[in-house]
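Q: These are the residues of each chain, in order.
Protein chains: 2
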Amino acid sequence: MEDLRSSALICSLMELIDARKFADARTIILEQNVVDIAECIDGIEDPAKVLFIFRLMPKEMAAEVFAYLDPDAQQRIVEGMTDRELTHMLEELFLDDTVDFLEEMPAGIVKRVLKLSDSETRQHINRLLKYPEDSAGSLMTIEMMELKKGMTVLEAIRAIRRQSSQKESLSSSFVTTPDRKLEGVVDLHDILASRDETVIEDIMESDVIAVHTHDDQAEVAMLFKKYDLLAMPVVDNERRLVGIITIDDVVDVIEEENTEDIYRMAAVTPDDETYLKSGVLSIAKNRFIWLLILMVSSTITSFIIRSYEEALATLVVLTAYIPMLMNTGGNAGSQASTMVIRGLSLGEMDIRDVLTVIWKEFRVGIICGVGLSGFNFARLIFLDRLDPLVALAICSTLLFTVIIAKLCGGILPLVAKRVGVDPAIMAAPLITTIVDAVSLSIYFALATMFLL
Amino acid sequence: MEDLRSSALICSLMELIDARKFADARTIILEQNVVDIAECIDGIEDPAKVLFIFRLMPKEMAAEVFAYLDPDAQQRIVEGMTDRELTHMLEELFLDDTVDFLEEMPAGIVKRVLKLSDSETRQHINRLLKYPEDSAGSLMTIEMMELKKGMTVLEAIRAIRRQSSQKESLSSSFVTTPDRKLEGVVDLHDILASRDETVIEDIMESDVIAVHTHDDQAEVAMLFKKYDLLAMPVVDNERRLVGIITIDDVVDVIEEENTEDIYRMAAVTPDDETYLKSGVLSIAKNRFIWLLILMVSSTITSFIIRSYEEALATLVVLTAYIPMLMNTGGNAGSQASTMVIRGLSLGEMDIRDVLTVIWKEFRVGIICGVGLSGFNFARLIFLDRLDPLVALAICSTLLFTVIIAKLCGGILPLVAKRVGVDPAIMAAPLITTIVDAVSLSIYFALATMFLL
Numbered sequence: 122m123e124d125l126r127s128s129a130l131i132c133s134l135m136e137l138i139d140a141r142k143f144a145d146a147r148t149i150i151l152e153q154n155v156v157d158i159a160e161c162i163d164g165i166e167d168p169a170k171v172l173f174i175f176r177l178m179p180k181e182m183a184a185e186v187f188a189y190l191d192p193d194a195q196q197r198i199v200e201g202m203t204d205r206e207l208t209h210m211l212e213e214l215f216l217d218d219t220v221d222f223l224e225e226m227p228a229g230i231v232k233r234v235l236k237l238s239d240s241e242t243r244q245h246i247n248r249l250l251k252y253p254e255d256s257a258g259s260l261m262t263i264e265m266m267e268l269k270k271g272m273t274v275l276e277a278i279r280a281i282r283r284q285s286s287q288k289e290s291l292s293s294s295f296v297t298t299p300d301r302k303l304e305g306v307v308d309l310h311d312i313l314a315s316r317d318e319t320v321i322e323d324i325m326e327s328d329v330i331a332v333h334t335h336d337d338q339a340e341v342a343m344l345f346k347k348y349d350l351l352a353m354p355v356v357d358n359e360r361r362l363v364g365i366i367t368i369d370d371v372v373d374v375i376e377e378e379n380t381e382d383i384y385r386m387a388a389v390t391p392d393d394e395t396y397l398k399s400g401v402l403s404i405a406k407n408r409f410i411w412l413l414i415l416m417v418s419s420t421i422t423s424f425i426i427r428s429y430e431e432a433l434a435t436l437v438v439l440t441a442y443i444p445m446l447m448n449t450g451g452n453a454g455s456q457a458s459t460m461v462i463r464g465l466s467l468g469e470m471d472i473r474d475v476l477t478v479i480w481k482e483f484r485v486g487i488i489c490g491v492g493l494s495g496f497n498f499a500r501l502i503f504l505d506r507l508d509p510l511v512a513l514a515i516c517s518t519l520l521f522t523v524i525i526a527k528l529c530g531g532i533l534p535l536v537a538k539r540v541g542v543d544p545a546i547m548a549a550p551l552i553t554t555i556v557d558a559v560s561l562s563i564y565f566a567l568a569t570m571f572l573l
Numbered sequence: 122m123e124d125l126r127s128s129a130l131i132c133s134l135m136e137l138i139d140a141r142k143f144a145d146a147r148t149i150i151l152e153q154n155v156v157d158i159a160e161c162i163d164g165i166e167d168p169a170k171v172l173f174i175f176r177l178m179p180k181e182m183a184a185e186v187f188a189y190l191d192p193d194a195q196q197r198i199v200e201g202m203t204d205r206e207l208t209h210m211l212e213e214l215f216l217d218d219t220v221d222f223l224e225e226m227p228a229g230i231v232k233r234v235l236k237l238s239d240s241e242t243r244q245h246i247n248r249l250l251k252y253p254e255d256s257a258g259s260l261m262t263i264e265m266m267e268l269k270k271g272m273t274v275l276e277a278i279r280a281i282r283r284q285s286s287q288k289e290s291l292s293s294s295f296v297t298t299p300d301r302k303l304e305g306v307v308d309l310h311d312i313l314a315s316r317d318e319t320v321i322e323d324i325m326e327s328d329v330i331a332v333h334t335h336d337d338q339a340e341v342a343m344l345f346k347k348y349d350l351l352a353m354p355v356v357d358n359e360r361r362l363v364g365i366i367t368i369d370d371v372v373d374v375i376e377e378e379n380t381e382d383i384y385r386m387a388a389v390t391p392d393d394e395t396y397l398k399s400g401v402l403s404i405a406k407n408r409f410i411w412l413l414i415l416m417v418s419s420t421i422t423s424f425i426i427r428s429y430e431e432a433l434a435t436l437v438v439l440t441a442y443i444p445m446l447m448n449t450g451g452n453a454g455s456q457a458s459t460m461v462i463r464g465l466s467l468g469e470m471d472i473r474d475v476l477t478v479i480w481k482e483f484r485v486g487i488i489c490g491v492g493l494s495g496f497n498f499a500r501l502i503f504l505d506r507l508d509p510l511v512a513l514a515i516c517s518t519l520l521f522t523v524i525i526a527k528l529c530g531g532i533l534p535l536v537a538k539r540v541g542v543d544p545a546i547m548a549a550p551l552i553t554t555i556v557d558a559v560s561l562s563i564y565f566a567l568a569t570m571f572l573l
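As they're listed, the protein sequences go chains A and B. Just add 121 to wherever you are in the first sequence, counting from 1, and you've got this note's numbering. Just add 121 to wherever you are in the second sequence, counting from 1, and you've got this note's numbering.
Isolated chain A (complex conformation) (with noise of 0.2 Å):
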């Protein structure tokens, strides 16, 4: 549905400006959501027209339109724009989008920008570029609503209008000590609920939920969700304000997250391209080390049936069913990696619920053990025809196999988050690994046991 809105934009914006009927090509783009707008402007391929439609727009729009815009389309239009047009952009964008922008530019655009930026903005902008990617400081924007204690309700009101078209987010006002300490929080919500002599300290919350400039923002999204904020300060080692998180970029951060988090689950190292923009090269680098270590890791179960080389000869049927009991391995214990590293992604589980999660996983392995075991016993016995005895290994080793894979599905994750490693890369691909070695050494002691 948006895309079709997108492209129809594009052709009757571009039927206009072809017929040079500006003024008509304006009052559409009026109208216009400015995110439609920056969708409809990176799919359009001439840099002169991009430009162009760039300019028909009132300066404060054509911000806030950047900042929704891919870099690749950033890039051309700064190149298209005079010193002086840049500046007014400048001027009219907010930090964090003027930051954000930067990072994806090469040397020269980062250059030109800083050279047209005043000298303090110039200084914000070289502290927030040097927070590492990852972290509160990198979210952040310096256009919060600041507010002093002792003011009254009518006044804080009428400070927040005069000052609401410089600030990114209103739903929360901060009240800071003369030294800029963090001292309280108030929301906007409370302050228009309150009588107008009502003062400002009576009404803010001086428990506040704030985080440090260095926080990684798996914690900040985090802090959001437990408790649905807006927007969160952001203090330095002095618990001085020096910033705001909003809501709109946790929610991006959230899909991030989600998706290394997805990324890793399946031996793919995370990226910050989409899949559709990363090169053939990128993707396969992503790709190819983590298939070579579970490739070579792997190897261990060619050892291990090559050291039962004779007995397979005597008894070949054995072979058939090595992919099924792993494949079953395999699943058993991905499916309960998945459920708990999904727990402790969302902080509903952690490394103390280790025995609970054990337990848990021994009862589920053995329901789904002696469920699958009696299933395939039948199915060997009926259809495939085969001796008991043969029969007998093969599900006594899948309940074994089931029961071991949900125990290592569940605990494997636990241990890589006690140790420090992200729980997600002890997902299914390397548990496999240790589940097909262990469930091929049962096989082949079980039908040692029982046919040799």
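Worth flagging that the hints you see were computed from the coordinates, not collected in a lab.
When the alpha-carbon atoms are kept at most 30 Å apart in a straight line, the in silico DSS-like pairs for lysine-lysine are as follows: (1) A/538 to A/251; (2) A/170 to B/346; (3) A/288 to A/236; (4) B/346 to A/398.
As the structure is a computational prediction, the values presented were derived from the model and not from experiment.
Starting from the known structure of chain A, arrange chain B on it as the hints suggest.
A: Frame of chain A; chain B shown alone:
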């Protein structure tokens, strides 16, 4: 960090209550964030103490805390409350929180709550309870701020301040026609930034982004993410405004949708309960059926192996490399499927990109396949000291397997999407089964060709 905060809170509260220092306990409670108090109450076993703490809070705060409690704690509290207390709390609760709570309660409590509500609220509750579980209607609340387009900014601010305590979100106000059709939306930010005499109609956005009551919550989440919204109106089929959805609920939806995707990709049927709270039987049920399906479908590999039983008997060494081939194929496929499924979930790609995906996966497959085969060939010759022809059969199979796995992994989720099946169930386990069969067939075909 937060857990410590909550358990320290429990301890000090319990001590104060046991020492009958109620005023001190109340002071501590008033200083806390409602989410922390809820977490603390969830951790207290004794129902009498829970109710006691609950009664120490002012009623507005008690309602806020109540909304954050676990259903178990909610039930215990409501069962201990007098009708009068319950009525007061229901008056303070926002309607979406009341409905969320009722959805988890036994029939007796639902009946009691409905009996104590006035007839208008009862109607609203009944209507909200009827929306399908994952619909926009089930997410919304009806306490939104409404304005008329003829109002001035000064009048609007007065109206907002007067009604603020009954509204769940003030970030946007909604403008409707006399027959309640949605005409426009105006951000509080824009109201506050405008002059007193400005008319709402001049600053409202008439191209409103809205959803229908029956739209899926995933669609709602997508729109919030795309347009960086804080609140979104919900309309009925006649485009009448019936409620709003706020970002805090959408953040929960985003995590829920991610969990469902992740579970499906690991062949686990998604469930509303968290891992720790789910019973063993329910976890086993959500996993067993998938394990069974995958086990049965992986029996195709037994057929293939058994049909080559004679060839294998003469060359048992071939068996030793089956697990490595199958694991690598499975991993290569799940890397591709994971990236495509995630791209689809995030709306970054779409079925029209199928050719791009095929071409990209084909090239990535060749790069990874050649790299892995080359590495493996050296290892097989120099470490395992295999016959070069055997090594060649294994490594050629590996190359083909990786390429085919990448292609299947890339294409199948898109096919699933095309035919209206959730792409996530086309993930690792199912693709592994397909790739296994293909890989084994190639293996035996090549081995027969090269070696017999």
